[in-house]
Each structure stands twice: as C-alpha cells, then as structure tokens.
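Q: One line per chain: the protein sequences are A and B, in this order. When you line the first sequence up against our numbering, it's residues 1 to 315, in that order. When you line the second sequence up against our numbering, it's residues 1 to 254, in that order.
Honestly, the hints are just simulated from the structure, not real lab data. Where hints are given, some of them may not hold.
Said to hold, decoys possible - Chain B regions said to be covered by chain A (calculated; three or more residues, Cβ under 8 angstroms): (1) 67 to 79; (2) 110 to 119; (3) 161 to 175.
All C-beta atoms, glycine included, are put in the ideal place defined by N, C-alpha and C.
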Amino acid sequence: MHPAKSVIFFTTASGAGYGLLVWLALLAPFGLLPEGALFVVISFALAIGLVVAGLLSSTFHLGHPERAWRAMSQWRTSWLSREGLAAIFTFAPAFLWGISALWSGFGSPASLTFGFLTAALSLVTVYCTGMIYACLKTIPAWHNDLTRLAYPLFSLTTGAGLGLFILSSFGAADLSGFLILVIMLFAAGAVVKLSYWASIDAAAPVSTAESATGLGDMGAVRLLEKPHSGTNYLMREMGFEIARKHAVELRGFCMSLGFLAPVLLFLVGLGLPEDLPLVSFVAAVLAGVGIVLERWLFFAEAKHVVTLYYGQSAV
Amino acid sequence: MTSLPTHTNKKLGLVIDLDICVGCHACAVNCKEWNASGHSAPLTDIDPYGAEPEGVWFNRIHAFEVVDEETGSSRTVHFPKSCLHCDDAPCVTVCPTGASYKREEDGIVLVNADTCIGCKLCSWACPYGAREFDEDEGVMKKCTLCVDRIYNPNLSEDARVPACVSSCPAGARHFGDFGDPDSDVSRLVEARGGFALMPEQGCNPVNRYLPPRPRQDGVADGDAVAPRMLDTSISETTDKAGILARWIDRALSR
Chain A
1 MHPAKSVIFF TTASGAGYGL LVWLALLAPF GLLPEGALFV VISFALAIGL VVAGLLSSTF
61 HLGHPERAWR AMSQWRTSWL SREGLAAIFT FAPAFLWGIS ALWSGFGSPA SLTFGFLTAA
121 LSLVTVYCTG MIYACLKTIP AWHNDLTRLA YPLFSLTTGA GLGLFILSSF GAADLSGFLI
181 LVIMLFAAGA VVKLSYWASI DAAAPVSTAE SATGLGDMGA VRLLEKPHSG TNYLMREMGF
241 EIARKHAVEL RGFCMSLGFL APVLLFLVGL GLPEDLPLVS FVAAVLAGVG IVLERWLFFA
301 EAKHVVTLYY GQSAV
Chain B
1 MTSLPTHTNK KLGLVIDLDI CVGCHACAVN CKEWNASGHS APLTDIDPYG AEPEGVWFNR
61 IHAFEVVDEE TGSSRTVHFP KSCLHCDDAP CVTVCPTGAS YKREEDGIVL VNADTCIGCK
121 LCSWACPYGA REFDEDEGVM KKCTLCVDRI YNPNLSEDAR VPACVSSCPA GARHFGDFGD
181 PDSDVSRLVE ARGGFALMPE QGCNPVNRYL PPRPRQDGVA DGDAVAPRML DTSISETTDK
241 AGILARWIDR ALSR
C-alpha cells in the first residue's frame with residue numbers, strides 16, 4: 001500500500017496527542033500532575049495541538065476536504081465514520097476538562113470526571129483508527145488482531161514519552177513508578193510489533209492468482225500482459241513495493257529507535273532522576289521517529305489482493 | 001446510506017465468457033467512450049498525449065497464461081474485469097459519507113459524485129480493483145453497469161445493454177438478471193459452470209465468468225503441437241508454385 005504522508009502524520013501525531021490525554025487523566029488521581037495554570041496550558045496545548053494537527057492533516061489526502069463533515073453520517077457501518085465522530089465527541093469533555101483544570105486544578109472532582117471521559121473517548125478514537133485498517137479483508141497484513149491492539153498501544157507509548165518529558169520538566173513529584181510502567185509499556189509495544197511482523201511473515205496466502213482468476217483448475221496462473229502499457233491508480237495506490245526490498249533494515253531501525261533506545265534512556269532516567277527532562281525529551285523524539293517508521297512500514301509492507309491482477313502470484 | 005440493502009429486487013450483472021474473449025479491448029474502449037460523457041463523466045485522462053498517459057477506466061482487459069504443470073502445455077486467457085456489483089459489497093459499507101451505495105431495485109453499485117469526499121477507502125476495500133480515483137475531480141469513479149443505457153428510453157430496446165456488451169465482436173459478454181433463475185444469464189452460468197472471482201474474500205459478486213472449454217482439436221492438452229500457419233522450415237523449392245512465381249524466382253535467383 002502506498003504510504004501517504006498525510007495519513008502517517010495523522011495517525012502518529014493524533015495517536016501521541018490522544019495518548020498524552022489518557023496519561024494526564026490517569027496520573028491526575030495520584031496527584032502526580034504539577035500544580036498551576038501553566039502546566040495545564042502547556043500540556044493541553046501539546047496534546048490538543050497534536051490531535052488537531054493530525055486531524056487537519058488527515059483531510060489533506062481527501063479529494064474534497066471541504067466535504068469532510070459528511071464523513072460523520074455512516075457510523076452504522078463505517079469505521080472511518082465512527083473515528084470521525086469519536087474524534088469530534090472527544091473535544092467536548094476535553095474542553096470542559098481544560099476549563100475545570102484551569103479553574104480548580106487537575107485534582108478537582110469535576111476535572112477528574114471530565115479527564116476520565118476524555119481518556120475513554122480518546123482510546124475509542126484510536127481504536128476506531130486501527131479498525132479502519134483491521135476491517136479490510138483485502139489487505140491480509142492489516143486484517144489482523146494485532147492491528148487493532150497496536151494502534152491504541154502505540155498511542156499510549158508515544159503519549160507516555162511526551163508525558164514524562166513535560167512532567168519532569170515541570171519538576172513533578174516522584175516519577176519512578178510511572179517510569180517503570182512506561183518501560184513495561186514500551187517493552188509490550190516491542191513484543192506486539194515483533195509478533196505482528198512474525199505473523200505477517202508466516203501467514204499463508206489468503207488469495208492467489210488462481211483464485212483471483214478462477215482458472216486454478218487448469219493450472220498455474222501468471223500474468224501475461226497488463227491491461228495497458230503505463231501505470232494506473234490501482235498500481236500506484238496498492239502496488240507499492242519499495243519497502244519490501246529494505247524491510248529487514250527498516251524494521252531494525254524502527255525497533256531500535258521506537259522501542260529499544262527509549263527503554264534504555266528511561267532506565268538511565270530511573271537512575272538519574274535529575275536528568276529525566278533531557279533524557280525523556282530525547283526518548284520522546286526517538287520514539288516519535290520510530291513510530292513514524294513503524295507506520296510507514298505498516299503501509300508499505302502491506303500487500304493488497306488487487307495486485308494479483310497485476311503480476312503477484314499470492315497475497 | 002452505506003448499509004447494504006437486505007434484498008435487491010433484481011441482481012443485474014454480467015457474464016464474461018473466457019472461452020471466446022479474444023482480448024481485443026473493444027469493450028474497454030466502448031466503455032470509455034460511453035462513460036466519458038455518461039453518469040460518472042468525465043473519465044479523466046492525465047497526460048493523455050504525453051510520455052506516461054494514464055486515466056480512469058471502468059473496464060480493463062488483463063491477459064493471463066495458464067500452465068498445466070503436468071503436461072507443460074499453456075493457454076492464454078484474456079480476462080476482462082469491471083465492477084462485479086457484489087451482494088456483500090465492502091466498498092459500500094466502509095464509505096463514511098453514504099456516497100457509495102447499492103441500489104435496492106436492481107443491485108447496481110454506484111457512487112454519488114456530489115457527496116464523495118475522495119478518501120479512497122472504498123478502493124482499498126475492493127478486492128477486484130473495480131474503483132479508480134479521479135485525481136482531477138477528486139472523487140471515486142466506477143462501473144455503473146451503464147445505468148444510463150439500460151433504462152434509456154431514447155435507445156432502441158436491443159441497445160439497452162451496457163456499452164461493453166453491445167460492442168463485443170465475439171459475443172463474450174452477456175447482461176441480465178441473476179436474481180431470476182430462468183434468465184438467459186442464469187441458465188448460461190448453470191450450463192457452463194460459471195464461477196465467481198475470489199469467493200474467499202466474501203463479497204458475493206454478482207458477475208460470473210465462464211471457464212475456457214477443453215481443447216476440441218481431438219488431442220489432449222500437450223499431446224501434440226498444434227499445426228502452425230507459418231512454418232519457418234518451409235521448403236524453398238518452387239516446383240509446385242504457379243508459373244508467375246516460378247518465373248520471378250528464376251529471374252531473381254540469377
């Protein structure tokens with residue numbers, strides 16, 4: 001599948017923003033969030049900024065961005081529609097949460113309630129994003145239980161990296177418990193991604209040139225001639241092949257930047273709490289780069305069954 | 001509304017006979033010609049006279065080679081492919097706007113170009129490559145089963161078939177109602193063992209393909225080499241040629 005930059009930026013940026021909102025809501029009851037309006041403003045600007053930038057970016061790959069509002073209507077059947085609705089619904093409690101946190105602090109009952117609502121809707125939104133891909137039978141690599149697990153999980157890991165950075169920068173109280181949780185989460189993320197790769201590498205073909213043409217009874221089927229000498233939309237959108245050539249190296253970069261390096265840095269932060277702002281900043285940036293690579297590979301490595309009509313023998 | 005209808009009154013679709021399709025592309029050309037000014041017009045071409053022309057087509061003719069691994073013999077099968085107007089069309093249910101829909105009255109799957117946002121998700125959901133994005137118009141395009149021909153009172157009754165069917169010089173394409181077990185297309189599929197493409201994808205396509213018939217030249221596949229029209233090892237003597245040919249051969253051979 002062709003990895004569209006706008007979609008990669010959308011899913012990674014919004015994912016990190018939603019993840020940060022979830023962590024702010026989860027840490028508030030433990031009194032781990034710094035006091036004061038400035039922290040509220042900075043943390044919300046970062047989280048909501050990432051969410052909004054991502055959502056806006058997602059409209060750039062539309063043929064008609066001005067009609068994007070129409071996408072709210074088909075939630076009965078369409079995961080894309082559900083995602084759009086969930087994203088819009090999340091803004092309501094998030095707005096009230098921000099106001100109440102400014103007014104009475106993150107620890108107030110109103111703030112805790114709106115925070116919990118925002119966190120729940122954020123996770124629903126990210127789950128819907130994952131389901132947009134996971135529901136497509138035509139792309140066997142995506143039609144996978146690990147896809148819908150990975151989207152919320154990576155939203156939480158990238159959001160946690162950002163959370164650690166702003167919390168430690170504001171001199172929050174003892175963050176060692178949160179740090180250990182984050183390290184476990186990144187390790188879980190690495191396990192999920194490695195299992196995903198193992199599962200798509202080992203998966204038996206779902207469809208073949210024989211089933212695509214129905215000619216399998218007569219023998220082995222191979223494409224003799226494309227319908228035309230040039231390219232077409234389907235070949236460009238679904239027939240992206242660059243990544244498969246370098247898959248091993250790219251997976252290595254993704255794993256080491258997105259998961260291994262952040263875990264090592266967080267371990268350093270555990271030992272040297274006074275350096276946590278710098279360490280978590282570097283970790284958050286590396287995790288971001290790694291997750292962009294992860295998303296790029298998610299698209300670029302996925303094969304679509306329509307390529308069976310353009311020369312692939314099994315997908 | 002992108003929920004699929006629970007029942008369609010008719011199931012209009014195509015039968016494509018892979019035994020007699022000669023791969024001439026006439027159906028694709030006539031499809032382009034009609035639909036460039038039809039229901040989903042235009043079918044935008046990009047760089048049409050340049051080095052890398054491409055554009056939107058509703059019908060494309062692939063050619064496959066099928067090799068019988070036991071005998072080593074092979075056959076070329078020309079393979080036209082357009083929208084199969086699936087009963088369980090995933091392109092319809094994934095649409096976030098309701099622009100993609102399946103008609104209750106006849107089962108035709110269409111796109112409303114006025115409400116399509118061009119998110120391309122329907123083209124990802126289709127296993128058959130039936131949907132092509134119009135980069136110029138920013139909306140998805142697809143085969144309409146010539147909905148503007150088959151009900152068109154301005155055309156004579158025998159012309160009210162999809163453009164691809166009307167133009168096929170070999171009679172390899174048939175149009176009809178698969179919901180009626182006594183229709184010509186239903187009987188044809190029954191008689192010839194018509195099949196659906198990629199049934200494992202669960203889309204329940206309406207269109208059916210008829211398999212190539214076994215060879216009828218009296219020999220089993222691979223038993224003998226078919227007679228050639230032009231044999232390169234042809235005798236160079238002109239003894240049996242006509243008088244003019246013999247004279248020319250003699251004159252030029254000096």
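Q: Examine the region 67 to 79 of chain B for residues whose CB is less than 8 angstroms from any CB of chain A, and state whether their number is three or more.
A: holds (count 8)
Q: Given that the region 110 to 119 of chain B was listed as covered by chain A, double-check it with a C-beta distance under 8 angstroms for 3 or more residues.
A: holds (count 5)
Q: Can you take a look at whether the region 161 to 175 of chain B is actually covered by chain A? Rule is 3+ residues, C-beta closer than 8 angstroms.
A: With 0 residues close enough to chain A, the hint is violated.
In terms of the numbered hints stated before, the structure departs from hint 3 and from no other.
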